[in-house]
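Undergrad: Let the hints inform the model, and build the full structure from the sequences given.
Line by line, the protein sequences give chains H and R.
Heads up: the first sequence is residues 492 to 1282, going by the numbering used here.
Heads up: the second sequence is residues 1284 to 1759, going by the numbering used here.
No lab work stands behind these hints: they were computed from the structure.
Treat each hint with caution, since some may be false.
[To be verified] Only pairs whose alpha carbons sit at most 27 Å apart, straight line, appear in this in silico DSSO-like list of lysine-lysine:
#1 R/K1562 with R/K1511
#2 R/K1496 with H/K1226
#3 H/K1224 with R/K1496
#4 R/K1461 with H/K776
#5 H/K993 with R/K1461
#6 H/K1216 with R/K1740
#7 H/K1216 with R/K1511
#8 H/K1216 with R/K1755
#9 H/K861 with H/K752
#10 R/K1740 with H/K529
#11 R/K1557 with H/K895
#12 H/K588 with H/K528
#13 R/K1461 with H/K1030
#14 R/K1508 with H/K1226
#15 H/K752 with H/K934
#16 R/K1511 with H/K1257
#17 H/K626 with H/K861
#18 H/K870 with H/K626
#19 H/K1125 with H/K1016
#20 H/K1257 with R/K1740
#21 R/K1669 with H/K516
#22 H/K1216 with R/K1557
#23 H/K626 with R/K1740
#24 H/K933 with H/K993
#25 H/K1226 with R/K1511
#26 H/K1125 with H/K1025
#27 H/K516 with R/K1547
#28 H/K528 with R/K1547
#29 R/K1496 with H/K1257
Bear in mind the structure is a predicted one, so any value in this text is a computation, not a measurement.
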Amino acid sequence: MINHITPKAFILLAMLQSSPALIGKIDFVHQIMPVLKKNCAECHTEGKKKGGLSLNTLGEFLAGGEGGEVAVPGEPDESYFLELVATDDTDDRMPPKGPGLSDEEVHLLHQWVQEGMEWPEEIRLGSSGWEPQLKPRVVTLPPAQAGRDHPIDRILDRDLSMRKVPLPAAAPEETFVRRVYLDLIGLLPTPEERDAFLNSTSDKKSEELVDDLLKRKIAYADHWLTFWNDLLRNDYTGTGFITKGRTQITTWLYRSLRENKPYDQMTRELIDVNKESEGFINGIKWRGSVNASQTRNMQFAQNVSQVFLGINMKCASCHDSFIDRWTLQEAYDLAAVFSEKPLELERCDIPTGKMATARWMFPELGQIDKNATKNERLKQLAGLMTHPENGRFTRTIVNRIWAKIMGRGIVHPVDAMHTKPWNEDLLDYLANRFAKDEYDLKKFMHFVMTSHAYRSQSDLLSGEPGLEYAYNGPLPKRMSAEQLMDSIWQVTSSHPQNANAKVERSYAHKGNLPTEVKQFAWPEKINAKWIWTKERAAKINLRKEIVLSEQPVAVGILATCDNAFSITINGKSVARSKVWQKPVKLVKTDLFNSGKNTIEVQAEMFGGSMGFVGQLVLQFTDKIKVIETGPDWKAQVPEKDWSTAHTEKEYGQGPWNKVLHSSDIQDGKTGPEPPVRASLVANNFLMRSLGRPHRDQVVTSRPSSLTTLQAIDLANGEILSDTLKEGAMRLSKSKNTGQIHNWLYRHALGRNPTPNEEETLLAVTKNSPEQQGLEDLLWMVFMQPGFQIIR
Amino acid sequence: MNSFEALQRRDFLKQLGLASTAALAAPSTSLWGNEQIPHPQARADSCIVIWMAGGMASPDTFDPKTYLPYEDGLEVKKILSTFPAIDTNVDGVKISQGLENIAQVMDRGTLIRSAIQPDLGAILHSRHQYHWHTGYVPPITVAAPHLGAWMSKVLGPKNEVVPPFINIGQRLEGVGEKEELKAFTTAGFFGSEHGPMNLPFPEQAVQSVQPPKGMEPGRFSNRYKHFKSLLDQNPNRENMSDFQGESMIRSMEAAHRLLQSDEKHAFDLTREPKDSANKYGDSRFGQGCLLARRLVEQGSRFVEVTTEYVPFLNWDTHENGHTTATRMKKEIDQPVAQLILDLEARGMLDRTLVILASEFSRDMMIEGVPGSTAPDQSRARTDNLKEMKQYGLHRHFTGGSSIMMWGGGVKQGHVYGETADERPLMAVKNPLSIEDLHATIFTLMGINPKTAYEVEKRPFYATKDGIGKCAKGVLA
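TA: Here's what the structure looks like:
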């Protein structure tokens, strides 16, 4: 009778039940691999062949050793090794050392042989035969061919010529311009942009185009945010938010992309965290208890090794991995770097009694001090991860970016960096180059995209490439859900109004600080407080009323807010900002009156810490009056009662230091923001259907093909058909029917329609009301493979 | 080659055929090690899951215990069931009052009374639902496929035109825990080719296979015709063909094939004869059952129909349990029984596996199981009854719950497992874990529970780590 069933009891039960007599077919990976690893691997794998016998693969096993064959599938009686592992004769017994195999293990092997010794080809008992190097490797570039001296071309061209494959021809310019826009900023070139490129006579125009697009910081950040959100499992809605078991890193991430923060610095900030970036390593805390392999500590070990090193610690989070070299101990040791408390190893949810030691997997580069505090340990890990000698770190990211741009990783899949690359020289060269360029992501993209390889015609394959893949030019890429939505919104001008991502994407303020701000008599000292409502709400209002006996000559306003605010004085909007690091500083003359004056602030925090701080300096002819934020201000959660503002911190304290004294300031008249992009809005039914993942795990690849259910959504789904309706309405106002076919084809597909196509397009618009015809036209163009695939 | 081998070989070839069709349409996740696992012979071709979302209390439905009617001051710890038991058409098997119609179809299936769930600490419905539907306790490191996606993936569509995995009655927007619901209402790493097609409102299901709102069928088919002309007229058609492009065109074709097929009428409930439709009642759930029958008739492989999970509504009785259970039983009793009778009348019940289940049971006193650290979530706590809303099973109980299985390959008029007669009402005979339940369902459907696909270079099994064991006592 079972009274109390826990997950642990289940597993025990399951283990008991897997004695050989009870089960059906032997499971090689989970039943045989562990026995062979434990008892045979030491002497018969890797390069070791005791007695001439090697057991890396089934082929080697069957080939036998010095004494001939040792195993015959389906014939236990003729399989000599079974005798050797079962015998009591200690002179003959295998393995010669230790207690030998248990009866149960012998039975398992026996049954396995009986069933035909199934052993999947791609699994090796030893390592894969190819071990990725840890340190960077210097690559000697081969000579250039046909004058193509870009390092990427020198490496790839040699590979092609060794295979006697002709160099891929350059892609037509109209294909290239569409490709480079979509790859770098995720938008289509407008017909004007397209023509400007085609008509340019510069002999460096491809490079110039890449340069120009990389300068479009907002569009670049909007587009690449999708890649990083997937990789860092960051989202605006999703599992875990309901119980506050998860935080976003959106604001930090977007700013990092917009500023083109070096990748090593980004990584350090993701491991040795600040309030804004901590959401990544903290993972998701689920309500209730979870499997031992899914605690936040273990999520840390899994995510850090997958994201930065392409190492899969998921198997090793439960037991020593059967498919690669990572062990349970290594997974737990890495988790212990993050863990607040001593961490006991659990094997498949059963405590082992062994404790983890905070350390990482590559002591060659240095080790973490296990006695240091958690913060110190994370700092050390961040340093080791981005160590100049950590070639795995650079190889992993350059491979990810290469895969995004060129359609397939040099190592594939991108999360299995222990897989042999199809061109080791290329991978190592790119990794070195990236490090030499100070981990500058844009510089790296620029480097790849100015090669002949990137500008080549796509390699059109008839099926998903497999192990036999060889480079023959870049591969076509299916648009991501976000690229597809952005392109459709772009053509039809039907962008959504509001973003869910809390990010600063207004066009930067340019130019020097006005003289009146510089010359204004700002007081040296600031005694303001960081204030908020006592209830730490996300959106709040603040208010201060003052009565003046005369009107000031001028008013200086200096303020900032973690994270966003707008300030209104006497009903007049004065300034707003979304970047706490850049205080608003300006001087106005006509804001205050004699009599009652009201200062109103709407403030919002995006997560983490919160506070508004400010100083208003009223200059009169003979004196100044200083108003500073503090408990004499009123605060309210919208719709609720006003009360005294709560002091969060004194000025100068907290994460913000003396930010108001910063010279990095702005005028608070944040310019207009570009239209909202798909990466910034919450996942919806259509995008989900088109492959935007539910980001509760790290996801590094999107589906490459359209499925039937997705096609149904595209054929009749409400979201798309509403978008097309709105788009058609806008287009019918802005374009006349005569131009529209050419314009649409050039914008959406990057070419003019042929006379035949023109005829079909006319047939669509001719026989139906204008609005409907346009809607159908848009659908037909957007559904073309030539639209949805980046070739 | 003996006949069993021949059969396996045929199945194998059939699967190969389906697999390659699927491979054409989508990047196919491959079998772990590309091994061909021998599958058991299928006893059912289609599966319907009737989902009692929110935790259906088995003592008030399929596993009645001592009944105590409401009485002021009654000690709640004495209460096991809040309804009397009624006879069924199986000798000696009683179920709860309010399920009179279902009582008359109990001879067509097996009643499992010993389903158990692991103790996950604090109880979150969607976590247990995730576990029930995928076989894995969240969070896990990859996106786990739903039961329906496994059937689609391994067995393929039964009718090429009809989506193999359809999910009826659950909204995924505008309800609590919606993100958590989405996390398992997915084909996960199998990719969206394997579903689900979501139809939250049965009476609107037809819209999913119709032209967009406001578009005449003529215009819709013209649009597609012109679209195809443009494909053919594309000057790059010949030299710009790649697998992504070809699969897009094929999927678009498949979508339009369904939207212009006879099968699409299965989605249209107005086409069901009035008297037959009326037998399902007019509730959303009842209409969902009718839709499930119509879709399975047209060859959908897996259909789930739910009473819908909305926190604190329907079976999620944190208070007022007795009154709510009365209403819920009224809602399900007739449609479920009618579904079984209809399938039988059409000669389909033998090859259709119908499963009625819930994420866990409920109890008057115990949250989780005895000894669990799960916090009490009852909203009507009291030692003695003072008002009606305190009368009912308001705690989540994971130690023993009921599952009903009808049709395809299960014993008829049979009871499998039992729970204690006194609190705690734990499963005391044949406890059936989620892994073993799934192994049983997969076995009935002709899927080896050890089937594994490769994800991130490691095996992912149909039942967790391949450990599920079929409960042979359920099989006919």
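Undergrad: State for each hint whether it applies.
TA: Going through the hints against the structure:
1. R/K1562 with R/K1511: Judged against 27 Å, a Cα distance of about 44 Å means the pair is violated.
2. R/K1496 with H/K1226: holds, 26 Å
3. H/K1224 with R/K1496: holds, 23 Å
4. R/K1461 with H/K776: Between R/K1461 and H/K776 the Cα gap is close to 17 Å, so the pair holds against 27 Å.
5. H/K993 with R/K1461: Given that 27 Å is the threshold and the Cα spacing comes to 22 Å, the pair holds.
6. H/K1216 with R/K1740: violated, 44 Å
7. H/K1216 with R/K1511: holds, 21 Å
8. H/K1216 with R/K1755: Violated, because 56 Å separates the two Cα atoms, which is more than 27 Å.
9. H/K861 with H/K752: Between H/K861 and H/K752 the Cα gap is close to 30 Å, so the pair fails against 27 Å, i.e. violated.
10. R/K1740 with H/K529: holds, 22 Å
11. R/K1557 with H/K895: With Cα atoms ~55 Å apart, R/K1557 and H/K895 exceed 27 Å; violated.
12. H/K588 with H/K528: holds, 14 Å
13. R/K1461 with H/K1030: It holds: about 24 Å lies between the C-alpha atoms, which stays within 27 Å.
14. R/K1508 with H/K1226: Cα-Cα ~25 Å, so holds.
15. H/K752 with H/K934: holds, 11 Å
16. R/K1511 with H/K1257: holds, 18 Å
17. H/K626 with H/K861: holds, 24 Å
18. H/K870 with H/K626: holds, 21 Å
19. H/K1125 with H/K1016: Within the cut-off at roughly 23 Å; holds.
20. H/K1257 with R/K1740: violated, 54 Å
21. R/K1669 with H/K516: Between R/K1669 and H/K516 the Cα gap is close to 59 Å, so the pair fails against 27 Å, i.e. violated.
22. H/K1216 with R/K1557: Given that 27 Å is the threshold and the Cα spacing comes to 37 Å, the pair is violated.
23. H/K626 with R/K1740: holds, 24 Å
24. H/K933 with H/K993: Given pair H/K933, H/K993 holds - Cα atoms ~23 Å apart, limit 27 Å.
25. H/K1226 with R/K1511: holds, 26 Å
26. H/K1125 with H/K1025: holds, 11 Å
27. H/K516 with R/K1547: Not OK: H/K516 and R/K1547 at ~42 Å, beyond 27 Å, violated.
28. H/K528 with R/K1547: Roughly 55 Å between the alpha carbons, so the hint for H/K528 and R/K1547 is violated.
29. R/K1496 with H/K1257: The hint holds at about 22 Å.
When the structure is compared with the earlier hints, violations turn up for hints 1, 6, 8, 9, 11, 20, 21, 22, 27, 28 and for no others.
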